[in-house]
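> Using the sequences and the hints given, assemble the complete structure.
There are 2 protein chains.
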Amino acid sequence: MIPNWLLQRAYLSPNKQALSFGKETWTFSEVNSKAQNYARKINAYGLNEGDRIALLGKSNADMVFMIHACIHLGLEIVMLNSRLTRTELEWQIKDSEATAVLVSDDLKLVIPESKIRAILFSEIEQMREIQFDIEDIWDTDRTITIMYTSGTSGLPKGVRQTSGNHTSSAISSVLNLGLDDEDTWLCTMPLFHISGFSILVRSVIYGMKVQLYEKFEASEVAKELMNGSITHISVVSATLDKILREFEDNNAIAHSSFKAMLAGGGPVPVGYLERAEKCRIPILQTYGMTETSSQTATLSASDSMRKVGSAGKPLFFNQIKIKDTSTPLQSGEVYIRGPHVTPGYIGHFASENPLVNGWLPTGDIGYLDEDGYLYIVDRRSDLIISGGENIYPAEIENVLLGHSKVIEAGVCGIDDEKWGSIPVAFVVINENVMDLELQHYCEERLARYKVPKHFYYVNELPRNASNKLLRRKLKDMLDLS
Amino acid sequence: MIPNWLLQRAYLSPNKQALSFGKETWTFSEVNSKAQNYARKINAYGLNEGDRIALLGKSNADMVFMIHACIHLGLEIVMLNSRLTRTELEWQIKDSEATAVLVSDDLKLVIPESKIRAILFSEIEQMREIQFDIEDIWDTDRTITIMYTSGTSGLPKGVRQTSGNHTSSAISSVLNLGLDDEDTWLCTMPLFHISGFSILVRSVIYGMKVQLYEKFEASEVAKELMNGSITHISVVSATLDKILREFEDNNAIAHSSFKAMLAGGGPVPVGYLERAEKCRIPILQTYGMTETSSQTATLSASDSMRKVGSAGKPLFFNQIKIKDTSTPLQSGEVYIRGPHVTPGYIGHFASENPLVNGWLPTGDIGYLDEDGYLYIVDRRSDLIISGGENIYPAEIENVLLGHSKVIEAGVCGIDDEKWGSIPVAFVVINENVMDLELQHYCEERLARYKVPKHFYYVNELPRNASNKLLRRKLKDMLDLS
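These protein sequences, in sequence, are chains A and B.
When you line the first sequence up against UniProt numbering, it's residues 1 to 481, in that order.
When you line the second sequence up against UniProt numbering, it's residues 1 to 481, in that order.
Note that identical chains are pooled: a pair holds if it fits in a single copy or bridges any two copies.
Dumping the calculated DSSO-like pairs for lysine-lysine here, alpha-carbon to alpha-carbon at most 27 Å:
(1) Lys242 / Lys259
(2) Lys321 / Lys16
(3) Lys58 / Lys108
(4) Lys259 / Lys16
(5) Lys16 / Lys307
(6) Lys34 / Lys321
Quick caveat, the hints were computed from the structure, so don't treat them as lab data.
The structure is reproduced here in structure tokens:
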């Protein structure tokens, strides 16, 4: 059993600062009032406990209140990614069987005009309030959120994250990072991703302030790191680089009260680590995924130069093993176990059990060194991580194959200074086609970050004996060309 | 599922300081080695997973290694109180059906010469080692410890504390107290009580150093508080007073890095709070019991003068309610719910369910104020808390009634400057008897702290219509005399 996070936190620390956005700040008691207010209005739509709804909004204060309102009501929230296209969103909404989509007014055009019931935030505001009893305690396996992520098939899977998953993730993290009354986490990560959402969970469980931004602005973020108003921040390599440039341009160092920069989405280049050290920014590289409700392993700042390329050790309540081996340095598929691991999927993949004997096979290939530090050597399903967003080649290939002029398609990531990695496509065509035509075709069907940045026209794709596409050989074709 | 605390901690922070005792210090890796070494030796006695053993030793490093050895082996540990008499220990050992008693050599005389198998620590040292597979993960409901505490009947009850109980207690505490890499908890509390044992649990879960002492020496403790080598300490009012005297005698203040003094065993007198404030010692009053694996509620230092007499608010994962009321300021029995609450007893009370609809009725009477702060107004079963030790009147009365000259007996606590409270007895006798005779009689059967400090000879005891002893009226008899 887990106490209703916000209810308990508002009882324990009513007057502590919980959230700031723009120039405004709210205490936990105020956040709770806002959330309860919205909850009673949403309740008036006849949405209540156990119902599944989809939520689409930007990362701002209203979205935070709306999230907690839905949690108070006992709704399962499908967190929609605002960067997706209508086509992609439609698929997820349909797959999730959500009763309704709550959507912030500025995003209403993104919502497909389907049979789904869309309710604008402004409409909710206007609604009358209907009282209900807020659950003050939850079952550990209550689904709080559902986040879509693609798998080997390229078809998005709705991952369930329970109250137990989120809670144990927050708890494991605090045992690693420590906790102080004055801690403040700066959040520019999208709330619809586990990286951002997990910051909100930590906030209510720890009684910690979140300084929230709708968009990442390197200069603003750097300023906060310098002036001592924040202690923690989550980044990906692409945003880290921009922050470092701000420091370098200003010849500045981080404030001594700044404690930890959690860097996810693949290893941070050594060059960045060296630059960060000069700016006195402690970087903690972390390894996690939607299925593990954020961090599974984290490398301490003090180990960052000693264990370059490592994702660190598991957090306290988690376990990591390499499939079929306990020999250090031997590579194999990374398996994860712990209370933070999802119990499973919804919709199309509902019947698929993500666990094998209690362990989650990640698809990632890695090894543990002699000291038990994890190194990831190859990403699952040729996963491309671009600016912190996960891109599964299969999803893009499926779209390309829908184009009448494309016979075969293969997608891989190539290094990119700005984004870490970007997707490029190799196509076999049956008729001449312009890059722009393929690009437009993709743009209509895929979030912008997934659209291939280059198209290469080839005679055939590298395949194995059973005709399976060998994506890792795609890159070799580039080197040869 | 919970990872084997020490195994996981030794993997994650092998070189971090874990324990100091006397002039020696051990890292987590070293504590784990010592514990594994003992575990293999204990294993050679044929004691293994699921077996129940009793453990009797003083609060020193060897005892810590022995505790972790037993936990590694999967044994259920009955933590014996070294202050008890042979008679009392015999009862507990028999009730617990322990397979053996592991006893440190300096306490071997306390062990009853019964049929129980006693194994001295020195014998274990000499034993050969037998390898075994250490469980790296535990079920949440695995019993780690059993601690005896008396109830209304006066008969000691063996309280089970599971891995889940201990873990959630440590986690709840850290969300309240915060955590830093440099934290060090000074422990002079006996390890056989939950107050001391819970410090060991926090140590392995947090990766925090424990500075352990076999005995409480006010001057030594005060020195550590002044020199900045420790950040936390647990005390009871009696020890607090002695520490404050040291500060006052030396005109000293606590080091700025000292963070929290956790004060249990009843409210701290206001006078002490004022003195502590002058010495810059932040006091956090706490309310807990064996059945709740230590703290349930804790009052923050900043609230100590604003909410005098309060035990604070529940820790994050816990709930407190007053039976049959949700009106602030209305008194009733205090009910507790949370993952830290025992699943039940062993032995004589094994069939008794401690919970009512998931809540633990504490027997204590209290109320919640308008802000949700808990106040205890009357202790369960007329419980006497003397120098941090719980004394149940019924247990002493039962002993006195065994004396041939005593017809009726009633025991209550009276205020005492040194111990907070001390037990005194009211007896109805059928023949003249000397105080000394009753005192000796008790000393043979009861731990010294339980022996009444005064005997009052009366004609009758206050009873209600159904002839039930009214212990609360005993004190009135004193005021009249």
